[in-house]
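Asker: Quick mapping for you: the protein sequence lines, in order, are chains A and B.
For the first sequence, counting from 1, position 155 maps to 155 in UniProt numbering; every step adds exactly one.
For the second sequence, counting from 1, position 69 maps to 69 in UniProt numbering; every step adds exactly one.
Quick caveat, the hints were computed from the structure, so don't treat them as lab data.
Check each hint, because a few of them may be wrong.
[Claimed, not checked] Label pairs and their computed distance ranges (CB to CB):
{"hint": "1", "chain 1": "B", "residue 1": "Tyr-163", "chain 2": "A", "residue 2": "Asn-8", "range": "29 to 39 Å"}
{"hint": "2", "chain 1": "B", "residue 1": "Ile-141", "chain 2": "A", "residue 2": "Asn-231", "range": "29 to 39 Å"}
{"hint": "3", "chain 1": "A", "residue 1": "Pro-336", "chain 2": "B", "residue 2": "Glu-18", "range": "35 to 45 Å"}
{"hint": "4", "chain 1": "B", "residue 1": "Ile-201", "chain 2": "A", "residue 2": "Asn-272", "range": "50 to 60 Å"}
{"hint": "5", "chain 1": "B", "residue 1": "Lys-108", "chain 2": "A", "residue 2": "Leu-86", "range": "29 to 39 Å"}
{"hint": "6", "chain 1": "B", "residue 1": "Leu-126", "chain 2": "A", "residue 2": "Arg-12", "range": "42 to 52 Å"}
{"hint": "7", "chain 1": "B", "residue 1": "Ser-191", "chain 2": "A", "residue 2": "Asn-231", "range": "25 to 35 Å"}
{"hint": "8", "chain 1": "B", "residue 1": "Lys-165", "chain 2": "A", "residue 2": "Leu-123", "range": "16 to 26 Å"}
{"hint": "9", "chain 1": "A", "residue 1": "Asp-112", "chain 2": "B", "residue 2": "Phe-99", "range": "52 to 62 Å"}
{"hint": "10", "chain 1": "B", "residue 1": "Tyr-163", "chain 2": "A", "residue 2": "Leu-320", "range": "58 to 68 Å"}
{"hint": "11", "chain 1": "B", "residue 1": "Ile-141", "chain 2": "A", "residue 2": "His-44", "range": "42 to 52 Å"}
{"hint": "12", "chain 1": "B", "residue 1": "Lys-165", "chain 2": "A", "residue 2": "Met-1", "range": "24 to 34 Å"}
[What the hints assert, rightly or not] Selected chain A positions facing chain B (in silico; Cβ < 8 Å):
{"hint": "13", "residue": "Val-15"}
{"hint": "14", "residue": "Arg-18"}
{"hint": "15", "residue": "Ala-38"}
{"hint": "16", "residue": "Phe-40"}
{"hint": "17", "residue": "Lys-41"}
{"hint": "18", "residue": "Asp-43"}
{"hint": "19", "residue": "His-44"}
{"hint": "20", "residue": "Tyr-47"}
{"hint": "21", "residue": "Val-50"}
{"hint": "22", "residue": "Met-53"}
{"hint": "23", "residue": "Glu-64"}
{"hint": "24", "residue": "His-65"}
{"hint": "25", "residue": "Asp-68"}
{"hint": "26", "residue": "His-405"}
{"hint": "27", "residue": "Leu-413"}
{"hint": "28", "residue": "Glu-414"}
Just so you know, even glycine gets a beta-carbon here, dropped at the ideal spot from N, CA and C.
Single-letter residue listing:
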Amino acid sequence: MFVQDLRNDFYRQLVGKRILIVVNYDIDAICASRILQALFKYDHMLYTVVPIMGVTGLKRAYGEHQGDVKYVVLMNCGGCVDIVELLQPAEDVTFFICDSHRPLDVCNIYSDRQVCILGDASLEENIPAFETIFYDSDGEDEEEEEDESSDPEQQHNDSGAGESDQEDEAPKSRKLSRLERHEQRILKQRARRQWESERDRIMFEYTQFSYYGRSAALMVFELAWKLSKDNMDLLWWAIVGITEQLLLGKIESGSYTLELEQIQSHVSRLTNKTNDQNTMSASKITFENDLHLVLYRHWPVTESMRYSRYSSCQLKLWTLRGEKRLHELLLEMGLPLVHARQTYGAMDLVLRKEFFSMVERLAEKYDIADIVYGTFTLSYGYRSRYAAADYVYALLAIMESVKKHKTPEDCFLEASDALSRQHKQLLSAGIDQAKLLHAAVFRQVQSSLEARQVHSAGSFFYYVLQEEHAFFSYPYALGLLARFLLRGHVATSRARQAPDLPLIASCPLDAAEGMCLLVGIVPVREDSPRNFFGKAFEQAAQKSGVALLQDFFEPAVVQLRQSDLTRFLDSLTVLLT
Amino acid sequence: MSRQTKLFGEKAFDLLKELERSSQTIPAFDDDGVRQVLEEIKAIFEENVAQASTYNTSGDRSLWPLLNFRHAALQRNKRCLLAYLYERCKRIKALRWEFGPIIPGDIKQALCEPEVTFFNNYSKSLAAYMCSAGYNQGLPIDLTNNLRPPKSLYIEVRCMEDYGKFELDDGEVIHLKKNSQHYLPRAQVESLVRQGILTHIA
Chain A
1 MFVQDLRNDF YRQLVGKRIL IVVNYDIDAI CASRILQALF KYDHMLYTVV PIMGVTGLKR
61 AYGEHQGDVK YVVLMNCGGC VDIVELLQPA EDVTFFICDS HRPLDVCNIY SDRQVCILGD
121 ASLEENIPAF ETIFYDSDGE DEEEEEDESS DPEQQHNDSG AGESDQEDEA PKSRKLSRLE
181 RHEQRILKQR ARRQWESERD RIMFEYTQFS YYGRSAALMV FELAWKLSKD NMDLLWWAIV
241 GITEQLLLGK IESGSYTLEL EQIQSHVSRL TNKTNDQNTM SASKITFEND LHLVLYRHWP
301 VTESMRYSRY SSCQLKLWTL RGEKRLHELL LEMGLPLVHA RQTYGAMDLV LRKEFFSMVE
361 RLAEKYDIAD IVYGTFTLSY GYRSRYAAAD YVYALLAIME SVKKHKTPED CFLEASDALS
421 RQHKQLLSAG IDQAKLLHAA VFRQVQSSLE ARQVHSAGSF FYYVLQEEHA FFSYPYALGL
481 LARFLLRGHV ATSRARQAPD LPLIASCPLD AAEGMCLLVG IVPVREDSPR NFFGKAFEQA
541 AQKSGVALLQ DFFEPAVVQL RQSDLTRFLD SLTVLLT
Chain B
1 MSRQTKLFGE KAFDLLKELE RSSQTIPAFD DDGVRQVLEE IKAIFEENVA QASTYNTSGD
61 RSLWPLLNFR HAALQRNKRC LLAYLYERCK RIKALRWEFG PIIPGDIKQA LCEPEVTFFN
121 NYSKSLAAYM CSAGYNQGLP IDLTNNLRPP KSLYIEVRCM EDYGKFELDD GEVIHLKKNS
181 QHYLPRAQVE SLVRQGILTH IA
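Bound conformation, chain A alone (with noise of 0.2 Å):
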């Protein structure tokens, strides 16, 4: 069931309530569940924040609450499964489900009470309509037993009999002998049997792709808009959500586009609303076109170019030749060696100052021109000023900082505390350690391009590193790692259909168990993030009979042994070609 007015059918219906809010690891839901927290404290509504991982992490976190609750909110998480089957959940407890994966599962949708989704039915694509993949078992059975009677006067009332007569024609449809009865049982199977297949057409075609909807970040802000309850720091967090979406390509560039407006208008309204004058304290956001370098203002320019994925795979910054390109643009545009070489915010006020336009400039010749896009900065005293992707990768970072010492639960509640203004600390911390991810990818990429080992299997390349790594036996990491590599390989292959391909990468999660994590990313042409991967995984798993653990709520994402991959990569290749 899709709730549409979160005001009043989902809002309202929490006040005074105690409240569980289970989280996944993304950045886009701890952004939104920070919102909803901020709404939960201004109505001193009781509340508990668990972070889980995965579907097992999911039904660990409510068996122990179970019981205790009867509100639950899913943040980013529970879509795409169908709760009621998988949680068991008592009569009277009510998930509200707040998920940017698409596709929903359809017993979500057309749960009539106990599912809510947040969100709008009608912005939703070709969600199958309730009659053609649910059968009324019910009606069925009865159907079965009263076979004699009920059926062919069924018949009779469809083929226009008139009602008034009907009990004069009763029983004369008991006469029709046994053949027709058989006859009839043999058109209804057979009418059975075209809608089942009817139906899995259906659901195949429903749930191929995997995307992803509106990030659920904007969302909960909305609902803090609608109810008058929002500021500065909260649509900042929202911000950070949807710059999530767009640099993990998660969302299309036009709608991003289309976005950034309606959040735009925000920004002026509450910059207007308050009246903190004071540039110490006040928190200010602008509104800019900025430039896809990863953390430029806290990195020295040529570093920050190098490891940005855009700007180095088109100027092929890992080779000899891209180093001297880099050199000449960098001469044309006028910044010396020297400047370009220190820390941005050493860099001279002027150059600083000239920095964007001078990129700019030179975009279309270096072709380099997507470069730029609209993001948002927030300054905040005279010191800090962050653009929304600054601290996209270094929550990602941070996120993803596990350690011996240092539970995946602790980064998450550490990452959560580095969105708010009074931790600077734990932020810069984590840009220093979003700098340190960034050059192991690039690394990664120059090596495994040097040494070709990006391999093609026809209707896909694909990638195996070999052994554990420190950053990228994390989900968010190999993405980021895959797609630069994708995109690198593309740059320097010849073929023509390079574009067109996709690419899977793996990577060993734990030399013990001998899993391996497998992430697969979409071609660099395309620019929606319609992801086929994780049905694929799902089939090619089912043919192969290798096990597969597709326990991340990223479909494409997923588990298995070490020693399964190389049949399962078999097995992906027949079913892709």
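Take the given structure of chain A and dock chain B to it, following the hints.
Answerer: Showing chain B alone in chain A's frame:
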């Protein structure tokens, strides 16, 4: 004489400076320092008495300013000592509010005998006051509960270890598990926060 290079009152001043500068809640009682100051006072007093008696007999006023000066020094020493004791008493009172009626062992070592007695007496009178302050007799109010007025009735806490189920006054059962975050009534979880099971997040 080398002793004469020292000024009057320096010891006493040092005592105070030491107290002021120490980073501990309450430094150990400086027995030695106090005794030295007392000795100094005694010496000054004896000298003054001797000279005052010669003045009485001879009426020689030439020593008059010196006498006055010594007296002022003596007074100053006395003031310093009192200030020292008073400041310590103030800190001991603060201890009672912070740590409750029992002094932690490491702090107890820093106190001298009369100070411990003072603490006990203070604690007793505070307890007596709290008993009498209860609106309906028999129910004492714990005044040490909220030293600062709480900003809100609820606080956001994070669970540091697996605690299990925790029931609130209104019957809600909260499952406190490591790394979960909760928003709960302050009064009821305060004790858990003190025990370190929950931490308050700002």
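Asker: Report the numbers of all earlier hints that the structure fails to satisfy, in ascending order.
Answerer: 3, 4, 5, 8, 11, 13, 15, 18, 22, 26, 28
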